[in-house]
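Just need the whole structure built from these sequences, with the hints factored in.
Protein chains: 2
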Amino acid sequence: MKKKNVINNVVNGDLNYQQGISVDCVVFGFHDRMLKVLLSKFKFYHKWMLPVGFIMKDEDVDAAACRVMKKRTGLNDIYLHQFHVFGNTVRPNVKEHSDVMRRAGLVDGQHWISQRFISIGYYALVDYLKVNIRNLADEDLRWFSLNEIPMLYSDHNSIIEKALSTIRTQLRVMPMICYKLLPEKFPLSELRNIYETILGKELDRRNFQRKILSTGYVIQLDEIYKKPGLKPTSLFSFNREKCDEALSMT
Amino acid sequence: MKKKNVINNVVNGDLNYQQGISVDCVVFGFHDRMLKVLLSKFKFYHKWMLPVGFIMKDEDVDAAACRVMKKRTGLNDIYLHQFHVFGNTVRPNVKEHSDVMRRAGLVDGQHWISQRFISIGYYALVDYLKVNIRNLADEDLRWFSLNEIPMLYSDHNSIIEKALSTIRTQLRVMPMICYKLLPEKFPLSELRNIYETILGKELDRRNFQRKILSTGYVIQLDEIYKKPGLKPTSLFSFNREKCDEALSMT
Numbered sequence: 416m417k418k419k420n421v422i423n424n425v426v427n428g429d430l431n432y433q434q435g436i437s438v439d440c441v442v443f444g445f446h447d448r449m450l451k452v453l454l455s456k457f458k459f460y461h462k463w464m465l466p467v468g469f470i471m472k473d474e475d476v477d478a479a480a481c482r483v484m485k486k487r488t489g490l491n492d493i494y495l496h497q498f499h500v501f502g503n504t505v506r507p508n509v510k511e512h513s514d515v516m517r518r519a520g521l522v523d524g525q526h527w528i529s530q531r532f533i534s535i536g537y538y539a540l541v542d543y544l545k546v547n548i549r550n551l552a553d554e555d556l557r558w559f560s561l562n563e564i565p566m567l568y569s570d571h572n573s574i575i576e577k578a579l580s581t582i583r584t585q586l587r588v589m590p591m592i593c594y595k596l597l598p599e600k601f602p603l604s605e606l607r608n609i610y611e612t613i614l615g616k617e618l619d620r621r622n623f624q625r626k627i628l629s630t631g632y633v634i635q636l637d638e639i640y641k642k643p644g645l646k647p648t649s650l651f652s653f654n655r656e657k658c659d660e661a662l663s664m665t
Numbered sequence: 416m417k418k419k420n421v422i423n424n425v426v427n428g429d430l431n432y433q434q435g436i437s438v439d440c441v442v443f444g445f446h447d448r449m450l451k452v453l454l455s456k457f458k459f460y461h462k463w464m465l466p467v468g469f470i471m472k473d474e475d476v477d478a479a480a481c482r483v484m485k486k487r488t489g490l491n492d493i494y495l496h497q498f499h500v501f502g503n504t505v506r507p508n509v510k511e512h513s514d515v516m517r518r519a520g521l522v523d524g525q526h527w528i529s530q531r532f533i534s535i536g537y538y539a540l541v542d543y544l545k546v547n548i549r550n551l552a553d554e555d556l557r558w559f560s561l562n563e564i565p566m567l568y569s570d571h572n573s574i575i576e577k578a579l580s581t582i583r584t585q586l587r588v589m590p591m592i593c594y595k596l597l598p599e600k601f602p603l604s605e606l607r608n609i610y611e612t613i614l615g616k617e618l619d620r621r622n623f624q625r626k627i628l629s630t631g632y633v634i635q636l637d638e639i640y641k642k643p644g645l646k647p648t649s650l651f652s653f654n655r656e657k658c659d660e661a662l663s664m665t
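Chains as they are written, first to last, in this note's numbering: chain Z, 416 to 665; chain L, 416 to 665.
It cannot be assumed that every hint is accurate.
Once the Cα atoms are required to be at most 20 Å apart in a straight line, the calculated PhoX-like pairs of lysine-lysine come out as [as the list claims (entries may be wrong)]:
1) Z/Lys510 with L/Lys577
2) L/Lys577 with Z/Lys657
3) Z/Lys657 with Z/Lys595
Read the hints as simulated data drawn from the structure, not as lab findings.
Next comes the structure, spelled out in structure tokens:
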């Protein structure tokens with residue numbers, strides 16, 4: 416049956432996965448002061464969840480996360496940041512997990528897919544207008560604003576919370592985690608907007624400029640940005656070399 | 416044979432582990448401006464490595480890391496921070512891993528312990544004078560200064576590098592990652608010494624005080640510290656409530 420493709424593939428063993436471990440992806444989409452998160456729903460189950468996937472035996476863990484996201488978005492160059500391992504024995508929620516397995520036609524409680532999972536959490540920050548959600552045979556995908564996220568499968572609500580608190584902390588030292596959201600040159604107000612949306616509060620203009628320049632990741636250019644009706648303002652840019660170095664380190 | 420206890424226990428199945436996944440612990444010991452790292456060596460193998468362990472089927476991942484460290488140090492309250500998953504297919508180093516297995520008397524290449532491992536990295540920052548290294552039947556343990564770390568088993572040198580770069584980044588936003596190293600009240604110079612040792616450079620006294628107080632995790636007390644021969648200086652303290660909240664979040 417079509418609707419059971421994913422799980423049947425695993426059960427029948429025609430894909431060769433690392434057992435008991437998965438990747439869960441929290442993709443935050445930003446555009447015009449709005450922050451959203453990408454959620455997935457299997458057609459045979461009623462709850463939304465994060466886009467998830469397994470790791471193939473001959474595949475790096477980071478590559479598995481990229482594959483999981485490429486399948487859903489078509490994007491090759493999403494910057495996925497590994498942020499936490501969710502490894503409590505009570506997850507996934509046993510009742511819900513059994514329910515999904517039953518609906519997918521899998522009743523063998525001994526099969527590894529019915530048992531404990533340790534999940535590696537990844538987050539990404541993208542411009543949601545640039546993402547083309549893929550139509551998948553057995554899965555719906557949709558952007559949700561943060562204030563309209565429903566009760567999700569298992570512990571996925573708390574995984575999103577954890578990703579958000581991680582991003583908020585990282586913004587303070589690594590402004591380049593949002594560099595995919597901006598053009599090469601930008602007025603600093605655009606970067607401040609991203610901060611204000613993610614942090615959920617207004618920031619003082621002068622303090623923001625002082626702090627962001629002190630990180631060394633953002634540099635002020637010798638160019639002026641003019642927009643009709645607005646005061647001319649300086650343009651800024653990420654220090655790509657320093658950013659790439661720091662990102663490859665994380 | 417005594418020397419093969421650990422691996423034989425796994426192979427014989429008398430301990431029930433999650434397969435293909437391990438925890439690797441990087442314990443940094445600080446004292447009097449010296450930073451060291453705790454390393455382990457199985458008596459039947461010639462290379463040093465990080466203290467490692469498996470995760471039991473009925474055990475949370477964080478609890479496994481605590482058990483691994485308690486076994487080696489006797490300490491219950493080491494604050495272990497999960498910092499990265501090492502999940503490339505080329506690890507552990509196949510040649511070295513086979514060598515360890517062969518020396519331990521395990522030649523079955525099909526057994527999961529001979530195959531790919533995904534490792535969850537944890538770090539801790541402790542006062543090394545307060546750690547009593549345990550004598551284990553099949554394993555030696557020793558503190559190494561950072562500049563005397565030898566070539567370690569598999570990718571463990573780069574795991575230490577990654578832990579160190581993580582700590583250096585985190586110090587900027589979370590000074591409380593080193594609060595186990597200080598008494599309840601301390602002159603700020605003691606905290607600055609820890610920073611200088613970990614960052615490997617001198618810091619400006621006034622800038623340091625301004626920055627550290629701006630995080631809100633450290634507060635200045637209305638008390639003066641007097642030591643014979645030294646200028647009286649203010650005492651400081653961690654804002655425990657705020658620190659605990661932030662640590663439970665990470």
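Evaluation of the provided hints:
In summary, the hint linking Z/Lys510 to L/Lys577 is not supported, as the alpha carbons are separated by about 38 Å, beyond the 20 Å threshold. Under the criterion of a C-alpha separation no larger than 20 Å, the hint pairing L/Lys577 with Z/Lys657 is consistent with the structure, at around 17 Å. As the CA atoms of Z/Lys657 and Z/Lys595 are separated by approximately 15 Å, the hinted pair is consistent with the 20 Å bound.
Going down the numbered hints, you'll see the structure goes against just number 1.
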